[in-house]
Amino acid sequence: MGQIELQKVTKSFGETQVIPPLDLVIGEGEFVVFVGPSGCGKSTLLRLIAGLEDISSGTIKIDGKDATDLGPAKRGLAMVFQSYALYPHMSVRKNIAFPLKMAGMEKAAIDAKVEGAAKVLNLGDYLERRPGQLSGGQRQRVAIGRAIVREPAAFLFDEPLSNLDAALRVNMRLEITELHQTLKTTMIYVTHDQVEAMTMADKIVVLHAGRIEQVGSPLELYRTPRNTFVAGFIGSPKMNLLTGAVAKARGVETIGIRPEHVAVSKDSGEWQGRVTVAEHLGSDTFLHVNSDHGGMTVRVGGQMNVGHGDTIWMTPDANHLHRFGADGVRIA
Amino acid sequence: MARAVSTRRKAIVTVIAWGIGLAIFFPILWTILTSFKTEADAIASPPKFLFFDWTFENYVTVQERSDYFRHFWNSVVMSVGSTVLALIIAIPAAWSMAFIPGRWTKDVLMWMLSTKMMPAVGVLVPMYLMFRDLGLLDTVSGLVIILTLINLPIVVWMLYTYFKEIPGEILEAARMDGANLRSEIIYVLTPMAVPGIASTMLLNIILAWNEAFWTLNLTAAKAAPLTAFIASYSSPEGLFYAKLSAASTMAIAPILIMGWFSQKQLVRGLTFGAVK
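Going down the list, the protein sequences come from chains V and W. Per this note's numbering, numbering of the first sequence is gapless, rising by one per residue and ending at 353. Per this note's numbering, numbering of the second sequence is gapless, rising by one per residue and ending at 419.
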């Protein structure tokens, strides 16, 4: 259960096409992350799958059956919203029970399921409270509880962590990943945060202006980005993309090198540069450098003693050098 | 940062506010006072303010001459009935305008409001003829229908404003949770909009209660509400001021008491969206 297939799906709002024809298969039990900058169409795509928006053309299949014209209630999917979208006038218990009540389940069965979900999500003590009396993290758990009791074919998450503070976000990230490992249900997760995408996904779908730029596992995208957009978007700090003479010398339009694939020395190397800012994280130090070929970021060990204004030499690791043509596409 | 306001300034503002408040309330106060005067005191010049012979005579006479409770009951049925009917029509209408607005939604809203800009007397004759042909003249059901129709634009507008404030994601969540349109409106939208619906209801009951043009023109005796009850004491000849005041006081008392107890809800309703 839980295979979702999009065939030539498009979406237009009036004259503007926000999703050009798009094909995508999401396998059973996969954790798929849609990632991209804001306005890339990732949320729209999720809403199309949910049935909250109608597609303009194409077909959506869920478990092999055509779901294109089914309403959201009939698709067997559950969604967790960015704002949590809890029912403010209902207790936590009633919030979690709501989808079961709508499905016409008996009261005793509903109670058992709600208790079960509350146990899994540590909400046992809060069942009689209203959403307004809960913290952000607890609300998020209630929203997840409401989704899991239905045993849906797939879970859809729309930027569920962006309203939480940084520490809680890391926790919830872990909880959602663990939940996926326990339930083994298909999950589609939308985020603009590439760290979330890298840490949680089995498969990442990078979107840009409604188009799929690349689909692959986190490490595939990291090691072999298909074009300069993916290269620049995946990875933190960003990959250095250099154009001009330095790229021409290697016979291409653009070369890319990740900050950790540059050897740094104080006295000799291929490219010279001057440090503008040194960010000391303890384990690592990131140097922002003004080089002959433009601004660059490089990673050095936490021990290296460099600072603002120092001159350094950088040598790229040829084995990890990415080469891109004039159209921005990777050249093997 | 809070603005420092001097005590003197506060005192001046308070006095002005009380002055304006009393000026607005004065006609009602005067009506109530007059209702306790004799007919002679009621037209005395200079007017007597508090020092007159207090009497309940007018109330007794009014109740003897006309049946207050029948009029009262007609008013209750017509204002509550038309409000409930208007809400049943307006909730789905406002829902669709707030959550799935079409290209013409704004125009429809404006058009509805524009019907309130037309003087009612302009359509009196056709309405009267239609009511006559449908056998609705001097019936309470006829009043319920006409009051529903004339207040519907305001009810839709008010509910629309409330519904706009409800986050659409919550309704989408209900849809994802398997709720059909009916369940979505009954279990999610309506409970969340209760404060708004309550204010709309209160305001509409008051509007219907006080409506005098249609209620006077479309009723004679059977269905006559309190507005007709008051009007029957307004006479070009004879001494009727005190009795007219007694009738008016009796007519506005129920709505005044209701308004007093629900003023918090009403003020919130009327300033909704403007004050957060």
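In short, the hints are calculated from the structure, not lab data. Treat the hints with caution; some may be incorrect.
Straight-line alpha carbon distances no greater than 25 Å define the calculated SDA-like cross-link-like pairs of lysine to any residue that follow [claimed, not checked]: (1) K95/V <-> F242/W; (2) K307/W <-> S64/V; (3) K259/V <-> L204/V; (4) K82/V <-> T31/V; (5) K307/W <-> Q408/W; (6) K122/V <-> Q408/W; (7) K259/V <-> T203/V; (8) K122/V <-> K407/W; (9) K95/V <-> P235/W; (10) K191/W <-> S378/W; (11) K407/W <-> T336/V; (12) K307/W <-> F102/V; (13) K115/V <-> E312/W; (14) K95/V <-> P310/W; (15) K249/W <-> S112/V; (16) K307/W <-> P296/W; (17) K128/V <-> E149/V; (18) K249/W <-> E36/V; (19) K122/V <-> P296/W; (20) K249/W <-> T336/V; (21) K128/V <-> T333/W; (22) K115/V <-> L142/V; (23) K115/V <-> K249/W; (24) K287/V <-> E274/V; (25) K95/V <-> K407/W; (26) K307/W <-> S378/W; (27) K115/V <-> K407/W; (28) K249/W <-> T37/V; (29) K128/V <-> I328/W; (30) K407/W <-> G153/V; (31) K259/V <-> T336/V; (32) K122/V <-> P334/W; (33) K122/V <-> V337/W; (34) K122/V <-> P310/W; (35) K122/V <-> I328/W; (36) K86/V <-> N323/W; (37) K307/W <-> T336/V; (38) K128/V <-> L142/V; (39) K122/V <-> S378/W; (40) K115/V <-> A341/W.
Now for the hints, and whether the structure bears them out:
| no. | hint | in the structure |
| --- | --- | --- |
| 1 | K95/V <-> F242/W | holds, 20 Å |
| 2 | K307/W <-> S64/V | holds, 22 Å |
| 3 | K259/V <-> L204/V | violated, 34 Å |
| 4 | K82/V <-> T31/V | holds, 14 Å |
| 5 | K307/W <-> Q408/W | holds, 19 Å |
| 6 | K122/V <-> Q408/W | violated, 32 Å |
| 7 | K259/V <-> T203/V | violated, 33 Å |
| 8 | K122/V <-> K407/W | violated, 35 Å |
| 9 | K95/V <-> P235/W | holds, 22 Å |
| 10 | K191/W <-> S378/W | holds, 22 Å |
| 11 | K407/W <-> T336/V | violated, 73 Å |
| 12 | K307/W <-> F102/V | holds, 19 Å |
| 13 | K115/V <-> E312/W | holds, 18 Å |
| 14 | K95/V <-> P310/W | holds, 23 Å |
| 15 | K249/W <-> S112/V | violated, 36 Å |
| 16 | K307/W <-> P296/W | holds, 16 Å |
| 17 | K128/V <-> E149/V | holds, 16 Å |
| 18 | K249/W <-> E36/V | holds, 21 Å |
| 19 | K122/V <-> P296/W | violated, 35 Å |
| 20 | K249/W <-> T336/V | violated, 63 Å |
| 21 | K128/V <-> T333/W | holds, 23 Å |
| 22 | K115/V <-> L142/V | holds, 16 Å |
| 23 | K115/V <-> K249/W | violated, 36 Å |
| 24 | K287/V <-> E274/V | violated, 29 Å |
| 25 | K95/V <-> K407/W | violated, 43 Å |
| 26 | K307/W <-> S378/W | violated, 48 Å |
| 27 | K115/V <-> K407/W | violated, 30 Å |
| 28 | K249/W <-> T37/V | holds, 22 Å |
| 29 | K128/V <-> I328/W | holds, 22 Å |
| 30 | K407/W <-> G153/V | holds, 23 Å |
| 31 | K259/V <-> T336/V | holds, 17 Å |
| 32 | K122/V <-> P334/W | holds, 17 Å |
| 33 | K122/V <-> V337/W | holds, 22 Å |
| 34 | K122/V <-> P310/W | holds, 22 Å |
| 35 | K122/V <-> I328/W | holds, 15 Å |
| 36 | K86/V <-> N323/W | holds, 21 Å |
| 37 | K307/W <-> T336/V | violated, 59 Å |
| 38 | K128/V <-> L142/V | holds, 21 Å |
| 39 | K122/V <-> S378/W | violated, 63 Å |
| 40 | K115/V <-> A341/W | holds, 24 Å |
In this structure, the hints that do not hold are numbers 3, 6, 7, 8, 11, 15, 19, 20, 23, 24, 25, 26, 27, 37 and 39, in rising order.
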